[in-house]
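Colleague: When you get a sec, could you build the whole thing from the sequences and use the hints?
For the sequence shown, the positions run 1 to 124 when my numbering is used.
Treat each hint with caution, since some may be false.
[Stated by the list, open to error] As a list, the in silico DSS-like pairs of lysine-lysine whose alpha-carbon atoms are at most 27 Å apart:
(1) 88 x 71
(2) 104 x 29
(3) 88 x 5
(4) 29 x 13
(5) 5 x 71
(6) 13 x 88
(7) 88 x 29
(8) 13 x 104
(9) 71 x 29
(10) 104 x 88
[Said to hold, decoys possible] Ranges between beta-carbon positions, derived for each pair:
(11) 41 x 14: 20 to 30 Å
(12) 112 x 43: 16 to 26 Å
(13) 21 x 78: 22 to 32 Å
(14) 39 x 115: 35 to 45 Å
Everything labelled a hint here was simulated from the structure, so no lab data went into it. Even glycine gets a Cβ: it sits at the ideal position worked out from N, Cα and C.
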Amino acid sequence: MDLQKQVVHMHLKELHVRDFEQTSAEITKMYRIDIEQHPQDNEVFEFTLNFMFGHFGTQVDGVIQSTIIAKSDNPDDDVYQELLSDEKMYAVPLFSKASAIITKITEDRGMFPVIVPVEMWFED
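Modeller: What follows is the structure in structure tokens.
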């Protein structure tokens with residue numbers, strides 16, 4: 001299904017940074033994506049990304065919210081189900097924002113900036 005989509009608003013709702021004792025070379029990352037359709041406008045969707053990333057003794061976790069307009073040329077298409085079926089792909093702008101925040105936070109803390117490529121979120 002071909003969707004026309006546009007991010008109209010994105011903001012960081014919550015952010016926490018913690019130090020932890022363990023400085024393992026292993027990266028810890030987790031995320032959850034929630035998608036809700038606006039009750040009055042079936043072309044408006046609210047995406048919420050809850051993320052956590054830990055590496056080099058620092059843990060960054062937060063919540064990013066985005067409003068996205070998505071529609072299909074075919075009126076019989078279920079856009080909401082399509083978004084749910086490939087939520088990671090449609091949430092790439094949110095993952096990109098999370099990666100940029102992690103880089104900025106680690107740099108601001110006087111560390112070597114931790115670069116998190118968007119593809120890293122999709123690796124198991």
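Colleague: Now, for every hint given, state plainly whether the structure supports it.
Modeller: Outcome of the hint check:
1. 88 x 71: Roughly 18 Å between the alpha carbons, so the hint for residue 88 and residue 71 holds.
2. 104 x 29: 17 Å, holds
3. 88 x 5: With Cα atoms ~14 Å apart, residue 88 and residue 5 stay inside 27 Å; holds.
4. 29 x 13: With a Cα-Cα distance of about 19 Å, the restraint between residue 29 and residue 13 holds, given a limit of 27 Å.
5. 5 x 71: 7 Å, holds
6. 13 x 88: Judged against 27 Å, a Cα distance of about 19 Å means the pair holds.
7. 88 x 29: 15 Å, holds
8. 13 x 104: Within the cut-off at roughly 16 Å; holds.
9. 71 x 29: With a Cα-Cα distance of about 31 Å, the restraint between residue 71 and residue 29 is violated, given a limit of 27 Å.
10. 104 x 88: 23 Å, holds
11. 41 x 14: 20 to 30 Å: 26 Å, holds
12. 112 x 43: 16 to 26 Å: 43 Å, violated
13. 21 x 78: 22 to 32 Å: 48 Å, violated
14. 39 x 115: 35 to 45 Å: 39 Å, holds
In the structure shown, a violation is registered for the earlier hints numbered 9, 12 and 13, in ascending order.
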